[in-house]
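Protein chains: 2
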Amino acid sequence: MITKVKISDVRFPLDGHAGSDAIHRDPVYSYAVTQLKDDSGITGTGFAFTLGEGNDLVCKAAEYYARQLTGKDIEDTMANFGELFKKLSNDQQFRWLGPHKGVVHLALASVTNACYDLWAKKRGVPLWKLLIDLSPEQIVNTLDLSYLEDELTYTQALEMLKGQQSQKEERKTILYKGYPGYDTSIGWFNYPDELVRENCKKALAEGFTAMKLKVGSVDPDRDIRRAHIVRDVAGDGIKVMLDANQQWNLPQAIEICTRLKGMNPYWIEEPTHPDDLNAHAKLAQAITPVKLALGEHVPNKIIFKNYLQSGSSSFMQVDAVRVGGVSEFITISLLCKKFGVPVVPHVGDMGQLHQHLVLFNHIAMGHQALFLEHIPHLQKHFVHPAQIVNGVYKTPQEAGSSCDLVGLKNQFL
Amino acid sequence: MITKVKISDVRFPLDGHAGSDAIHRDPVYSYAVTQLKDDSGITGTGFAFTLGEGNDLVCKAAEYYARQLTGKDIEDTMANFGELFKKLSNDQQFRWLGPHKGVVHLALASVTNACYDLWAKKRGVPLWKLLIDLSPEQIVNTLDLSYLEDELTYTQALEMLKGQQSQKEERKTILYKGYPGYDTSIGWFNYPDELVRENCKKALAEGFTAMKLKVGSVDPDRDIRRAHIVRDVAGDGIKVMLDANQQWNLPQAIEICTRLKGMNPYWIEEPTHPDDLNAHAKLAQAITPVKLALGEHVPNKIIFKNYLQSGSSSFMQVDAVRVGGVSEFITISLLCKKFGVPVVPHVGDMGQLHQHLVLFNHIAMGHQALFLEHIPHLQKHFVHPAQIVNGVYKTPQEAGSSCDLVGLKNQFL
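In order, the protein sequence lines correspond to chains G and R.
Residue numbering for the first sequence follows the working numbering, starting at 351 and increasing by one per position.
Residue numbering for the second sequence follows the working numbering, starting at 351 and increasing by one per position.
Just so you know, these hints were derived from the structure itself, not from any lab.
As the structure is a computational prediction, the values presented were derived from the model and not from experiment.
Possibly wrong hints are sitting among the right ones.
Which copy? The list can't say, so a pair holds if one copy fits it or any two copies do.
Below are the DSS-like pairs computed for lysine-lysine, each with C-alpha atoms no more than 30 Å apart in a straight line [claimed, not checked]: (1) Lys527 to Lys611; (2) Lys688 to Lys437; (3) Lys759 to Lys518; (4) Lys354 to Lys437; (5) Lys436 to Lys632; (6) Lys410 to Lys387; (7) Lys632 to Lys437; (8) Lys410 to Lys354; (9) Lys387 to Lys356.
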């Protein structure tokens, strides 16, 4: 039974332009952390990610949700988590502040993720193992499929998972090989050209076969120049992704993406405003065969459904610390599977939680094991930091979801 | 110069099921209020609307924005408000919590609206008069048109307003006739049938020619029965609107809206989730000629642009206390004008602020003077409550935007 709830506002300033992009010049990576203590003495930890200012608002909203979990048994709760998720996310007064987006939805992510962490720790297994060992019925019962009925019913979700059962064993080989990573940190927006070149070489030496550069400069020539630097250093065999972080409007995006075609980007990410469904559709058509990626700022399953229906985005970057946590991440992954679109999470969690989720997506849902973003900057703050060796995430072995933070370890003592 | 800033969390519990709808069973109408005191002694008041829980979060976010206005001159600020709006709404850390939606955007509405109120009070005129007397350039300079470049550039906005100049004088007759209202309070969700019937008769006696019923019952037969009650009492000459408050998923909406065709609704409002652009497009097509209305939960100009492009909604219910305040309300109204779609605001402000804005939309922008929602429940809390006589809003004459609240009058004494 959950007996104590603790919410913490933790912020980590970054050094030397790390984390900078075209829109976010000086972020402070921050977590609104929920900890749920069980009467067995085990603590589940989950969080949502923000860029600093307003992290306290997410904490306050998380407190409102978390309070409602006191007295609940975690196994009972997770046996029908979909219902609880629906109830919390549609709280009749709080809902006005979204619905299903912004501060309240980030808060729900924090609380949801703490539930999953507690669940896995109580069972004494890593989250990926808990998830892949669940039956299709048990999985679907953790999901809230409301407003998806036109694309994904309960029965359809169940059938999708059942259809993958026979191939699960074979796909478990990924657990030994490790899940491929890609390096996001070679070219933060405010890094000088020389540092980008250097980082690119370092990433290659570390075994990465995919890397990402921030674009979206006031002067597009800077973007073109830097993109070609990366391509030149990396060579043609390496996947190079470009990330504009919403900097362009539609006419600009069409023009600049067309100019970027020449360096053969693997995708162009967040070219314009994340709410602009139609602009992405027009852009995708205008710059084909260049592919788009988005999702980092898409708050819920309903908007992902719309993007999937419109076919504009070739990679979905769902983030379980932006949407309503693990539960909604799985819901969206099912939707993506139905539409044949790969899930390549944005990692506000620095990959800690997502290393579990992509293993589940691959093994139990049949998603392609493409690669998972890797951001190293907060490694030292995690009790069990993700291990990336030769460009590959090593499969985590400790119980839970790898989200415990060093500074909060003794929170309840 | 703005010298003092005060944020207040005010909540008004409602009596006897007033305000109830299919999703919000027991709302507490609440305002996150921003007051800006000028060194001339004048106080500008603006607010965002919530349903109670979490109103404090909006207040906290409003404080963050409002602090940045201290020391500014209101005339200087409003001469180029579009730039300030863009800057505040893209605050590089705070932006993560939206962008442009949820708690942070509600907070921006509160602060923006306080600026407009202060501006009008300093000039000693009602807000509608201030707005219609501005030149097209002055209006467009209060707007942030970013991410709309594919549909509405600065020059196009300017031309649209210039093109209406010659008809402004003639349209001012509305100031004497008053702007038509419609009655939203005849059929709150939890009102019994008999009360709906009674309220309907009362609304007719008060001179209303349009009224709204809440639908979205678990049992659709209840919706059908109550809709026909209203139609029977009102007769064929009265406009009857139905409001489902997002209760249905797409398959349900298609089925129930088709059944509701028989009572000839003037519109069906918020049939499903406000983020579901594609569902609205499919529904509109499936139930034609029945028309849809939405906007109450649409947070920004970009999503409105998408709805306008998809052509699914025949009435746009922008709410200046949900989107980023008066500035974004005008931006969206311009977009709507371009697409030939009437603006019929949702009135989280109980019509206090919107009575000014619809006059501006009609006189200076050439929008049809259709009708403005009327909700009477908070009348006594306003210093200058909207006057509805014979179903018509009387034109407000006091300086400002009519948003001063009785309890906050002496805030700065």
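Evaluation of the provided hints:
1. Lys527 to Lys611: neither (33 Å within a copy, 59 Å between copies)
2. Lys688 to Lys437: Intra 26 Å, inter 40 Å, cutoff 30 Å: intra-copy only.
3. Lys759 to Lys518: neither (35 Å within a copy, 67 Å between copies)
4. Lys354 to Lys437: within (21 Å within a copy, 41 Å between copies)
5. Lys436 to Lys632: between (33 Å within a copy, 25 Å between copies)
6. Lys410 to Lys387: So Lys410 and Lys387 pass the 30 Å test inside a copy (18 Å) and across (29 Å) alike.
7. Lys632 to Lys437: Answer is between: at 27 Å across copies they meet the 30 Å cutoff, but 36 Å inside does not.
8. Lys410 to Lys354: So Lys410 and Lys354 pass the 30 Å test inside a copy (16 Å) and across (26 Å) alike.
9. Lys387 to Lys356: within (8 Å within a copy, 39 Å between copies)
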